[in-house]
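All chains, please: the whole structure from these sequences, using the hints.
Numbering follows the working numbering, with no gaps: position 150 of the sequence shown is 150.
Simulated from the structure, these hints should not be mistaken for lab results. Do not take every clue at face value.
Derived pair list, reagent style PhoX-like, types lysine-lysine, alpha-carbon separation capped at 25 angstroms [claimed, not checked]:
no.: 1; residue 1: K23; residue 2: K37
no.: 2; residue 1: K138; residue 2: K23
no.: 3; residue 1: K137; residue 2: K23
no.: 4; residue 1: K23; residue 2: K40
no.: 5; residue 1: K51; residue 2: K23
no.: 6; residue 1: K138; residue 2: K10
no.: 7; residue 1: K137; residue 2: K10
no.: 8; residue 1: K23; residue 2: K68
no.: 9; residue 1: K23; residue 2: K10
no.: 10; residue 1: K150; residue 2: K138
no.: 11; residue 1: K51; residue 2: K10
no.: 12; residue 1: K51; residue 2: K40
no.: 13; residue 1: K51; residue 2: K68
no.: 14; residue 1: K150; residue 2: K23
no.: 15; residue 1: K37; residue 2: K51
no.: 16; residue 1: K137; residue 2: K150
no.: 17; residue 1: K32; residue 2: K51
Remember, it's a predicted structure, so these values are computed and weren't measured experimentally.
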Amino acid sequence: MAPPKSNGRKLPITELARPFFLKQLAMQEVQKEQAAKDGKPYYDNDLVVAKPDGAPIAASWVSSQFGKLLEDLDMPHIRFHDLRHTAATNMHQLTGDFYTVGEVLGHTLAGIGASLGLSMNFEAVTARYVDVRLERKKEVLDAYHSAVEKAAPEKPKEAEPKKGKRAAKKKHSEIDL
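Quick look at the structure:
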């Protein structure tokens, strides 16, 4: 598949993910109000996760925070981007729908005709006859979220004390976004 697209993609919000998005939206509204109250700018970039002023968060910062979280939890190091690969693999194994998983990830079939040695305009045929409907994307995401929810351990009633290497330095129970 070709590289991910940078814009123009629509994804459904599943019932399992909805509370996260609502929490983010509410937090951003508070941040916008606070910025206005303080006479500071708020950069409304239409992002789900952003800095308190609305500016994009650097990928390197997310990776750094993720690394700290893994260290705190005494988990082996993996790259943050590896989570995307794992999710893609799991979605495909759950649904067998390679094309829709690619669409969910933002990949396109542009250039695949040449890479397969086809001389026809494969992209035009695909764009004309294959349209992954939002409903099918929702089915793939629902299948994935249901599997993750079933596999997740039960949440403890109260937070457990930190046992990781960095627990004494700074407590990270989640990535601060």
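Query raised in the report: Which hints from the list above does the structure break, by number from lowest to highest?
Result: Structure breaks no hint.
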